[in-house]
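Note that the protein sequences, when read in sequence, are chains A and B. Take 1 as the starting number for the first sequence in our numbering and just add one per residue. Take 1 as the starting number for the second sequence in our numbering and just add one per residue.
Everything labelled a hint here was simulated from the structure, so no lab data went into it. Small disclaimer: the values here were computed from a predicted structure and weren't measured. It cannot be assumed that every hint is accurate.
[Said to hold, decoys possible] Distance ranges between label pairs, derived from CB positions:
id, chain 1, residue 1, chain 2, residue 2, range
1, A, Glu184, B, Glu66, 32 to 38 Å
2, B, Arg178, A, Val134, 55 to 61 Å
3, B, Gln184, A, His50, 48 to 54 Å
4, B, Glu72, A, Thr170, 42 to 48 Å
5, B, Ser30, A, Glu184, 19 to 25 Å
6, A, Glu184, B, Val9, 44 to 50 Å
7, B, Ser30, A, Ile141, 26 to 32 Å
8, B, Glu66, A, Arg63, 32 to 38 Å
[To be verified] If we take Cβ atoms under 10 Å as the criterion, some of the chain A residues that face chain B in the derived model are:
id, residue
9, Ile46
10, Met138
11, Ile141
12, Val160
13, Ala161
14, Ser165
15, Ile166
16, Ile186
[Stated by the list, open to error] Heads up, incomplete: computed chain A residues facing chain B, CB under 7 Å, no partners named:
id, residue
17, Arg131
18, Val134
19, Thr156
20, Arg181
Just so it is clear, CB atoms sit at the ideal spot from N, CA and C, and this is done for glycine as well.
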Amino acid sequence: MKGDGGGADAVSDEALLAGVAIGDDRAILAFVRRYQRRIFGLALGILGDHGLAEDVSQETFIRIFRHSSVFDARRGSVASWALTIARNLAIDTLRGQRAIPTAPQDRVFMSLQSVERQPDDASVTSDTLSRLRVALSMLPIEQRRAVILASMHGRTAAEVATEESIPLGTAKSRIRLGMSRLRESIVTREAP
Amino acid sequence: MTEPTQHSVNCSEIEPDLVEFALGTSSGRSRSRVVSHLSTCSKCTTEIETLTAVADAMLELTPDAEPPLGFEHRLLERLHAEPIRSRRRDHSVMFAVAAAFALIAVLALTVGGATPWHSTNSSRTTSGKIVNARLVSQGRDVGQVFVTAGSPAWIYMTFDDSTHSGPAWCRVTLQNGRVVTAGQFSLVRGYGAWAAQVHTAGSRIVTAQVIGASGTVLATAHLSA
Numbered sequence: 001m002k003g004d005g006g007g008a009d010a011v012s013d014e015a016l017l018a019g020v021a022i023g024d025d026r027a028i029l030a031f032v033r034r035y036q037r038r039i040f041g042l043a044l045g046i047l048g049d050h051g052l053a054e055d056v057s058q059e060t061f062i063r064i065f066r067h068s069s070v071f072d073a074r075r076g077s078v079a080s081w082a083l084t085i086a087r088n089l090a091i092d093t094l095r096g097q098r099a100i101p102t103a104p105q106d107r108v109f110m111s112l113q114s115v116e117r118q119p120d121d122a123s124v125t126s127d128t129l130s131r132l133r134v135a136l137s138m139l140p141i142e143q144r145r146a147v148i149l150a151s152m153h154g155r156t157a158a159e160v161a162t163e164e165s166i167p168l169g170t171a172k173s174r175i176r177l178g179m180s181r182l183r184e185s186i187v188t189r190e191a192p
Numbered sequence: 001m002t003e004p005t006q007h008s009v010n011c012s013e014i015e016p017d018l019v020e021f022a023l024g025t026s027s028g029r030s031r032s033r034v035v036s037h038l039s040t041c042s043k044c045t046t047e048i049e050t051l052t053a054v055a056d057a058m059l060e061l062t063p064d065a066e067p068p069l070g071f072e073h074r075l076l077e078r079l080h081a082e083p084i085r086s087r088r089r090d091h092s093v094m095f096a097v098a099a100a101f102a103l104i105a106v107l108a109l110t111v112g113g114a115t116p117w118h119s120t121n122s123s124r125t126t127s128g129k130i131v132n133a134r135l136v137s138q139g140r141d142v143g144q145v146f147v148t149a150g151s152p153a154w155i156y157m158t159f160d161d162s163t164h165s166g167p168a169w170c171r172v173t174l175q176n177g178r179v180v181t182a183g184q185f186s187l188v189r190g191y192g193a194w195a196a197q198v199h200t201a202g203s204r205i206v207t208a209q210v211i212g213a214s215g216t217v218l219a220t221a222h223l224s225a
């Protein structure tokens, strides 16, 4: 990750979170610098509004810091945990807005095709993401939209059906088929 | 997907619900069915874990975006205005921290190199103001020790070795050779997690040891380079 500054660059996410949990100012600053672009990017992708995205990002960090002491590494990585908090807050915010933006998923959908991670993300995790990105790009467009709406925007199958003007069964089918293909890309990676 | 379970719902019946469960978009009823099924089906539990990994990774595909100017400043100001709970540094929070570390340690011990710890062959990592080292017993990793570098230091320890139970003590050795008993904790079925303040600079702590009830050294972590 870039921009952490000082010796914090080499610190694992978990160790950094441990520092956050005890209120270490340097750890907090390093954590913010490590994750602010990712969290803001996700919030912006879901909300499509810079002001709302900043509010959600700030609240995400506050919640991460407040709950850092009970982070459960068995349930996933720090990145997944942090981004899930951001996603849920963004979805809550979106649901709190009466008007749903026209098509926020289009922004995510378009950007997914060109996004490139930072070079220093070269790791097993990056390999997983690369495979997932490729698999996502190879999905039929209707499945891709359904999966993105469900996974990133927290839409239920019924909501996907409404937004895409398709029957509920079709929405469920698209989500399941899409996720199944993405799953295969992960499983394939893990094979020796 | 025909693995029988103790419940009336079998794998083929629950399969359509797994994706939405992993995505966190299932209904309450569906979620309840899945949870009930997973409690007895390792096959579907593995499937859920894989699907959840996909769902989590999807979030990481979203492109980064530069926050507005002043974002960091505003966040830190807000943090100072609303101190996070852990800044009170009370003991209950420290135990919660220790518990979190315990979970991390369990993961580290169960999946080995898959975790992102920076523990090295030298069993020591300096990470800014926190040092992380392995607790070793007869060549086996049995836990982790974390020490903050400042003074007074905080030391957090997790210990997991089924061959020991009962009370245990944490003993640290400082650079000047002085030995300090930092605190006592209990090993329940070989497991214990513990945290306490040590009235010295963390950078002066050379080793941390777990001492059993008989006075024997159960494990040692080397915190010096």
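Right, here's what the structure says about each hint:
1. Between glutamate 184 of chain A and glutamate 66 of chain B the beta carbon distance is about 34 Å. The supplied range of 32 to 38 Å therefore holds.
2. One distance hint, 55 to 61 Å for the beta-carbon pair arginine 178 of chain B and valine 134 of chain A, holds here, with the actual separation near 58 Å.
3. Checked against the given bound of 48 to 54 Å, the beta carbons of glutamine 184 of chain B and histidine 50 of chain A, roughly 52 Å apart, stay inside it.
4. A C-beta distance of roughly 44 Å is found between glutamate 72 of chain B and threonine 170 of chain A, which places it inside the suggested range of 42 to 48 Å.
5. Distance hint for serine 30 of chain B and glutamate 184 of chain A: a CB-CB separation of about 23 Å, consistent with the stated range 19 to 25 Å.
6. Between glutamate 184 of chain A and valine 9 of chain B the beta carbon distance is about 25 Å. The supplied range of 44 to 50 Å is therefore violated.
7. Judged by the Cβ atoms, the range 26 to 32 Å given for serine 30 of chain B and isoleucine 141 of chain A holds: they are separated by roughly 27 Å.
8. For glutamate 66 of chain B and arginine 63 of chain A, the hinted distance range of 32 to 38 Å is not satisfied, since their beta carbons lie about 22 Å from each other.
9. Taking 10 Å as the C-beta contact cut-off toward chain B, the hint placing isoleucine 46 of chain A at the interface holds, the least distance being around 8 Å.
10. Hint status for methionine 138 of chain A: violated, given a least beta-carbon distance of 14 Å to chain B, over 10 Å.
11. Checking isoleucine 141 of chain A against chain B by beta carbon gives a least distance of about 16 Å; that is not within 10 Å, so the hint is violated.
12. Because the smallest distance between the Cβ of valine 160 of chain A and any Cβ of chain B comes to about 9 Å, under 10 Å, the interface hint for this residue holds.
13. Against a cut-off of 10 Å between C-beta atoms, the interface hint on alanine 161 of chain A is violated, since the closest Cβ of chain B lies about 12 Å away.
14. Interface restraint check for serine 165 of chain A: the shortest CB-CB distance to chain B comes to about 19 Å, outside 10 Å, so the restraint is violated.
15. Of the supplied interface hints, the one on isoleucine 166 of chain A is violated, with its beta-carbon coming no nearer than about 16 Å to a beta-carbon of chain B, more than 10 Å.
16. This hint holds: isoleucine 186 of chain A has a C-beta 6 Å from the nearest C-beta of chain B, less than the 10 Å allowed.
17. Here the hint on arginine 131 of chain A is broken, as its CB sits about 9 Å from the closest CB of chain B, past 7 Å.
18. With 7 Å as the threshold, the beta carbon of valine 134 of chain A stays out of range of chain B, its nearest partner Cβ sitting at about 11 Å, so the hint is violated.
19. The interface hint given for threonine 156 of chain A is met, as the beta carbon of that residue sits about 5 Å from the closest beta carbon of chain B, less than 7 Å.
20. A distance limit of 7 Å between C-beta atoms decides the matter here; for arginine 181 of chain A the minimum to chain B is near 10 Å, and the interface restraint is violated.
Taken one by one, the earlier hints fail for this structure at numbers 6, 8, 10, 11, 13, 14, 15, 17, 18, 20, listed in ascending order.
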